[in-house]
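> Given next are the chains, with one letter for each unit.
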Amino acid sequence: MNEPHDAPTIAQLVEAVREFLERDVMAATEGRVRFHTRVAVNVLKMVERELELGPDQVADHRAALERLGVGDEAALAAAIRSGALDDRRDDVLDVLRQTVRAKLEVANPGYLSPGMRRTP
Amino acid sequence: MNEAAVAALLDGGTRLENVRRLSAGASRAMWSADAVGPDGTVQHVVVRTDPRGGSRPTPAVPEAALLRAAAQAGVPVPRILAEDSDHLVVERIEGETIPRKILRDDEYAHARPLLAAQCGEALAGIHAIPIDAVPGLIEDADPVATWRAMLDGFGQPHPTFELALRWLDDRRPPRTGVAVVHGDFRNGNLIVGPDGLRAVLDWELAHLGDPMEDLGWLCVKAWRFGVDRPVGGFGEREELFAAYERASGTRVDPEVVRWWEVLGTLKWGIMCIAQAFTHLSGTVRSVELAAIGRRVCENEWDLLELIG
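Going down the list, the sequences are from chains A and B.
Counted from 1, the first sequence has number 119 at position 119 by the numbering used here; the numbering is strictly sequential.
Just remember that the numbering used here sits 1000 ahead of the position in the second sequence, which is counted from 1.
Since the hints were made in silico from the structure, they are not lab data.
Incorrect hints may appear among the rest.
DSS-like cross-link-like pairs, simulated, lysine-lysine; straight-line CA separation at most 30 Å [claimed, not checked]: (1) B:Lys1101 x B:Lys1267; (2) A:Lys45 x B:Lys1267; (3) A:Lys45 x B:Lys1101.
Derived DEER-like restraints, expressed as beta-carbon distance ranges [what the hints assert, rightly or not]: (4) B:Arg1021 x A:Arg49: 34 to 42 Å; (5) B:Ala1064 x A:Asp90: 46 to 54 Å; (6) A:Pro8 x B:Asp1195: 51 to 59 Å.
No experiment lies behind these values; they were computed from the predicted model shown.
Ideal placement from N, C-alpha and C gives every residue a C-beta, glycine not left out.
Only chain B is shown next, with the shape it has when bound in the complex (with noise of 0.2 Å):
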């Protein structure tokens, strides 16, 4: 990160301090940091770069963008402080990410009874948000088709997903509408206090689609991290579909949302063996991508169990 540059776009006379890295990405990488302004006034900041700026292949997900029409809509997320065509700055929410001290510590035993009807109500903001207020999100019109085509290009059988791909296809749900769909809305991409949800992160999967994908996504197995309840492990179905009912008008058929899980279970999965082969084919090679390839029959199971 060019650190005197991300201090220019702050105040002037603002430096920055304890700069720390939080996650290695492929594309993008995000870094903590502490903005000291003139006035010795310090503010915790989270700074995203985006290192192959233009060179990338598809243009890159407009988050200021989402990040300003979600605050709009409603739904809680990091302000912006400053952005320019590398670095977006955004002011640092304090709360627990991690899934399972959300789920098991003390400190939010009070939260989490909340937040699957806190996590209704975010999703109905983000679904309303405008479509023409984030120019640039691309629409999956086939989704089961995608990630045939992408499992077919490991070039690796799985009889167990092939089941589910026929199971997808003979019940494709009717759409429920065309909205701004987050794409990545779950337990480990929000922020959790002790008083329940502060702040929904990761917009970098955000398209066009069926807001159903979202509630399904949330529902999927993976994301419970090993506590027998269907909502992010926190919470009950009706509790999400009431709330999420209640705040955008729009009726939650439990068949449809069943239909995305299943599909979002598929696509864990599938995304198991990409982590891989990312470690196979030596783009970066890891004893943990390695091991995540194993863990492809963990959705296999939950997927016989859903379609069995």
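In isolation and in its complexed conformation, chain A is listed as follows (with noise of 0.2 Å):
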């Protein structure tokens, strides 16, 4: 599947060394380093959920830029700077909502969970 390659795939490289991180390094360091470790193995699980979760987004991505009539992120950007969709306010922000729960999704999946969530 990810041909001329051998095993292991991308995924599953990434996991190993977040694994070593996680067993090894974490237990032989202390202090700046060993912080600095478990922000490396929070940066290779993000890697990890936007291999598998990207392909996805990125064709969810465009078909709702598309909705808007933009190509891009920056084209939708100057739309919103420029007035050009103050019409359509509502759809922007469906489009919004659904683009950053995108990110968070592979940034930080706890963000999204009612716990972090302000109250009404």
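Got two chains here, separate frames each, mind docking them using the hints?
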């Protein structure tokens, strides 16, 4: 599936490095290096999630932008700034929520859980 | 840090022991030390150094003048022990600054319900500082324009930030006044003891502006550190506003504070982009700074909840 390369896949390689950091490096370090190891583990988890979810997210994002008649994020940003989409604020909000949700599903899915939500 | 120079600033015969670096900034650094006097008495001190000194492009925030004026206004701040053009030596105040500990440890269970009101009183004190007591503070006349320009500088599209900038543009509140604004008054820059607020730190972003900026910034979601209470994760807006009104005599309009909270959330998002660029540009290569780039979307999510 990752021809012409051999096993492990790129996701499995990242997983192997993450496990090494979690198991060996965390135990052997302290202070600043240990803190940065934890950050590195979180970064690799993010990479693993993007490898898994990324392809579907790219397709969904393209379709969402098409609904607003813009080609990419830069065009959407420019249209919001110029006011060209002012009469479609609800549609814009829908697309922005979908996009930011996708980013959080990769970067920090815990942020989407109800515990982190504002009280109404 | 030049230990001999710092020791000489303190009483004659004083020497420094247990010198430890607390932070590593590009322009400033902070050290902790024990100043041992000739009679053996020990004073715990914090030393700020400014290694770039005269070469910085903009004048440094007059931190010593700020600390003095704040103390005069009844704001809890570390006492200045000595200073020269390169060093500021202050007393080290015992207590906790790490937000997660302040919000979760049993030791601060009694302090937590007091903090929102104590912050309101401290902010009222800061905003009562006579402007002419601290010469050299810069006024940001149009923060929306300032942060829009900052965002543009990175050349990265952020549609959610554009929507927030439009929202802010359309709802600019009337000025509450012009005051000395702390600029970074939040959970993380406060020393807290079991008895409550002990000191307000990090005056480097102080400027002249609308006092409501400080109240909005204190309520930004990033400073709640996962705890669902709007004021720093420890209190309610009503407690903050009531204490501020009592101490300052200025009425707080929650809608104005909300405008500043939206601006603050946008600001922190743009500051996260800036930190990622510090890594990407090669200024400071760091996995931590790189990772912060992927936290920008947390601020986008918060903004959509605030303005959606």
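> For this structure, which hints from the list above don't hold up?
none
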